[in-house]
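Enquirer: The residues making up each chain are set out below.
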Amino acid sequence: ETGVTQTPRHLVMGMTNKKSLKCEQHLGHNAMYWYKQSAKKPLELMFVYSLEERVENNSVPSRFSPECPNSSHLFLHLHTLQPEDSALYLCASSPAGLAGAGDTGELFFGEGSRLTVL
Amino acid sequence: LAKTTQPISMDSYEGQEVNITCSHNNIATNDYITWYQQFPSQGPRFIIQGYKTKVTNEVASLFIPADRKSSTLSLPRVSLSDTAVYYCLVGDRRFGNEKLTFGTGTRLTIIP
Chain A
14 ETGVTQTPRH LVMGMTNKKS LKCEQHLGHN AMYWYKQSAK KPLELMFVYS
64 LEERVENNSV PSRFSPECPN SSHLFLHLHT LQPEDSALYL CASSPAGLAG
114 AGDTGELFFG EGSRLTVL
Chain B
21 LAKTTQPISM DSYEGQEVNI TCSHNNIATN DYITWYQQFP SQGPRFIIQG
71 YKTKVTNEVA SLFIPADRKS STLSLPRVSL SDTAVYYCLV GDRRFGNEKL
121 TFGTGTRLTI IP
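Sequences listed follow chains A and B, in order. So in our numbering, spot 101 of the first sequence is number 114, and the numbers just go up one at a time. So in our numbering, spot 16 of the second sequence is number 36, and the numbers just go up one at a time.
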């Protein structure tokens, strides 16, 4: 239990569906992240929010739309996905978007949402 | 960004000490070295972080030579539950985590 909760844990959707992944943390962290992990590939950073402002968007297709309504919640809205988008989507949080002195910048990950696109 | 190189996989027997080495030849002055552990279908978990010499916590030790071009994660007396993928990351903590890159990691398999 890392303190980062992701729902749903498993999701199957068709290419025309619209769904959302949810992430919640009550660790008092002010940075939240979405990562994608495909089979046999490294983790890919998708989005970063620091103090609810989007800091980084690593050229992710527009069919993925993040939302960070407050520092404790992060969503990933999904629409018209492709089968190659099937992956484990991981949410993480860290104490600070910019690590201060003595801060390891440790990432706390949730258990992930396993997405299958048919 | 400093690139890291790790062995793709390693096997070890229960009860042994395991050392996983990571090469980072172009590490920058302000870069730290961080290791994460990932079990199947779970998110990575922070293990240890260091800048130079040796760091030890309740889980592992991290050895960093003076030139900092490599680092070694040491897991004492491993058990079956240590079977996982281990990632070595190098980055400047001042700029947060958005610049950190997870490579393919080292898949460690513990044999009974």
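If you are wondering where the hints come from, they were derived from the structure by calculation, not from laboratory data. Here the structure is a predicted model, which is why all the values come from computation and not from measurement. You may find that some hints are simply not true.
[What the hints assert, rightly or not] Counterexamples of contact, computed for chain A against chain B with all Cβ distances above 10 Å:
(1) Thr15
(2) Gly27
(3) His39
(4) Leu56
(5) Ser72
(6) Cys81
(7) Pro82
(8) Ser85
(9) Pro96
(10) Thr117
(11) Glu119
(12) Glu124
(13) Thr129
[Stated by the list, open to error] Distance ranges between label pairs, derived from CB positions:
(14) Ile131(B) x Thr29(A): 21 to 31 Å
(15) Arg97(B) x Ser33(A): 38 to 48 Å
(16) Ser33(A) x Gln62(B): 37 to 47 Å
(17) Gln36(B) x Thr129(A): 33 to 43 Å
(18) Lys53(A) x Asn45(B): 19 to 29 Å
(19) Val68(A) x Ala48(B): 16 to 26 Å
(20) Glu80(A) x Arg97(B): 43 to 53 Å
Note that beta-carbon positions come from the ideal geometry of N, C-alpha and C, so glycine has one too.
Enquirer: Now tell me if each hint is right for this structure.
Expert: Cross-check of the supplied hints:
For Thr15(A), the condition that its CB be more than 10 Å from all CB atoms of chain B is violated, with the nearest at approximately 7 Å. Distance check on Gly27(A): its Cβ is at least 23 Å (rounded) from any Cβ of chain B, clearing the 10 Å threshold; non-interface status holds. The claim that His39(A) lies off the interface holds: its Cβ sits roughly 17 Å from the closest Cβ of chain B, which is beyond the 10 Å cut-off. Remark: the non-interface label on Leu56(A) conflicts with the geometry, its nearest Cβ contact in chain B lying 4 Å away (cut-off 10 Å).
No beta-carbon of chain B is positioned within 10 Å of the beta-carbon of Ser72(A); the least distance is around 13 Å. Under the 10 Å C-beta cut-off, the non-interface status given to Cys81(A) relative to chain B holds; the minimum distance is some 14 Å. No beta-carbon of chain B is positioned within 10 Å of the beta-carbon of Pro82(A); the least distance is around 20 Å. No beta-carbon of chain B is positioned within 10 Å of the beta-carbon of Ser85(A); the least distance is around 17 Å.
Against the 10 Å criterion, Pro96(A) stays outside the reach of chain B, whose nearest CB is about 20 Å from its own CB. The Cβ of Thr117(A) sits about 5 Å from the closest Cβ of chain B, inside the 10 Å cut-off, so the non-interface label is violated. With 10 Å as the threshold on Cβ separation, the claim that Glu119(A) sits away from chain B is violated: the shortest Cβ distance comes to roughly 4 Å. At the 10 Å boundary, the C-beta of Glu124(A) falls inside the reach of chain B, the nearest C-beta of that chain being 5 Å off.
For Thr129(A), the shortest C-beta to C-beta distance to chain B comes to about 13 Å, beyond the 10 Å cut-off, and the non-interface label holds. For Ile131(B) and Thr29(A), the Cβ-Cβ distance of about 47 Å falls outside the hinted range of 21 to 31 Å, so the restraint is violated. Taking 38 to 48 Å as the suggested C-beta distance range, the pair Arg97(B) and Ser33(A) conforms, at roughly 44 Å. The hinted window of 37 to 47 Å between Ser33(A) and Gln62(B) is violated, with their beta carbons roughly 21 Å apart.
Separation of Gln36(B) from Thr129(A) is about 38 Å and conforms to the stated range, judged on CB atoms against 33 to 43 Å. The supplied range of 19 to 29 Å is met by Lys53(A) and Asn45(B), whose beta-carbon atoms lie about 25 Å from each other. In this structure the supplied range 16 to 26 Å holds for Val68(A) paired with Ala48(B), their Cβ-Cβ distance being about 21 Å. Range check, Glu80(A) to Arg97(B): about 45 Å between beta-carbon atoms, so the 43 to 53 Å window is met.
The structure is inconsistent with the numbered hints 1, 4, 10, 11, 12, 14, 16, although it conforms to all the rest.
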